[in-house]
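Participant: Sequence:
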Amino acid sequence: MNSVRSSRTLAVLGGSPAFAEPLHVGRPNIGSRERYLARVEAILDRRWLTNNGPMVLDFEAAIRQRLGVRHCVCTSNATVALEIGARVLGLEGEVICPSFTFVATAHALQWLGIEPVFCDVDLDSHGIDPSAVEERITPRTTGVVGVHLWGRSCAIEQLEEICRRRGLRLMFDAAHAFACDHGGRWIGNFGDLEVLSFHATKCLNSFEGGAIVTNDDELAERARLLRNFGFAGFDRVVELGVNGKMPEVCAAMGLTNLESLDEVIDVNRRHYSSYAAGLAALPGLRVLPFDPLARNNYHYVVVVVDPVAAGLTRDEIVALLHAENVLARRYFAPGCHGMEPYRTRDPEAGRRLPNTEALSATVFCLPSGTAVGERDVATVVELLAAGLEASGAVRAALAGRSAR
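Residue numbers (the numbering used here): 611 to 1014.
Everything labelled a hint here was simulated from the structure, so no lab data went into it.
Model, not experiment: these values are computed from the prediction.
C-beta atoms are modelled at their ideal positions from N, C-alpha and C, and glycine is treated no differently.
Wrong hints could be hidden among the right ones.
20 Å max Cα-Cα, derived SDA-like pairs, lysine to any residue [said to hold, decoys possible]:
#, residue 1, residue 2
1, Lys855, Gly840
2, Lys855, Leu623
3, Lys855, Asn661
4, Lys855, Asp845
Simulated restraints on C-beta separations [to be verified]:
#, residue 1, residue 2, range
5, Glu744, Gly1010, 46 to 54 Å
6, Pro957, Glu992, 37 to 45 Å
7, Asp668, Arg985, 34 to 42 Å
8, Glu999, Asp734, 26 to 34 Å
9, Thr619, Gly678, 49 to 57 Å
10, Gly1002, Arg940, 17 to 25 Å
11, Val852, Glu828, 15 to 23 Å
12, Ala1009, Arg880, 14 to 22 Å
13, Pro638, Asp925, 24 to 32 Å
14, Glu999, Asp655, 53 to 61 Å
15, Trp721, Gln675, 29 to 37 Å
I would like the entire structure built from these sequences, with the hints used as guidance.
Facilitator: Spelled out as structure tokens, the structure:
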């Protein structure tokens, strides 16, 4: 746990930072070092470091069992998994996706020459708006990518109905949603396929990694071909592929962290509950709620700011926290449509995405996970309370900094 000062003179008002070391959003969860190192020793003894080794096969089997899904195809990262997923689904032309997401969702499509068509999201759930999806379909549309943002499932049934009726493929970006469910079924079992992320900052990490999960035998078989250059055997290449394989050491990390995942989720849940209780008394700050009947990993503590009620904008609150060494993140600012190459291609896109624009200006995430202690959470809440109480002085101090 970081050491904190006892006084509450805010750093932006001349005090020293509350935290001696930075408090990060998404600092990696680390499982048992002993178990991980034992697995690494076994890898070195076998001298089988990559190419679908036994550690990867074990990790895939563990993911299948955990999610109750028929197939898991591990990859080097989730972006490659999105690209392979788009290829196996035969996506081309235009594909509809939200702009309020990490840019990899759009980049994976654009990298393949597919045009991401940005769709607005629901202001309450932050998920892609099915009615807006319907409006964006053209004769060139071949699919939809839904994103289970913050581990909250998007409007799965409505998207499945639209895609079935309009003859479109449906892929879900489930990078945030491992160990989350929808209607009693684990995320990973919906659409044509779903993509998981095991990046270092995720609830379950394999250092770096991703996976395609699906219940479709044909899609899974083709995904395995494409992640290994299109090889269907020694020296037999049957189609265009890439090197998207997960190394054995990454699978070893994934297996190790999977063993402690339930404990990680318990920590996340406690932090989330503490933040929600503490911020409930503060004007203009709302912690995004989770469905109490759904299972979630509680990995993201998402705060929505009402700048009028709070007396400070989202960016001012983030700057206040950064001065205290609390590295809150402005997810996602801007939305994908405000980044290149999309901003230059369609500079007026924001006019069609009012909810995305509003959320991009008012949402931020707070530090959580096993690298954060209960006292750290309490201190962050105290800092926010002090900042809002002194909002006028904080705003003036931040404006003075900008002017220098």
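Participant: Of the hints given before, which are not true for this structure?
Facilitator: 2 and 12
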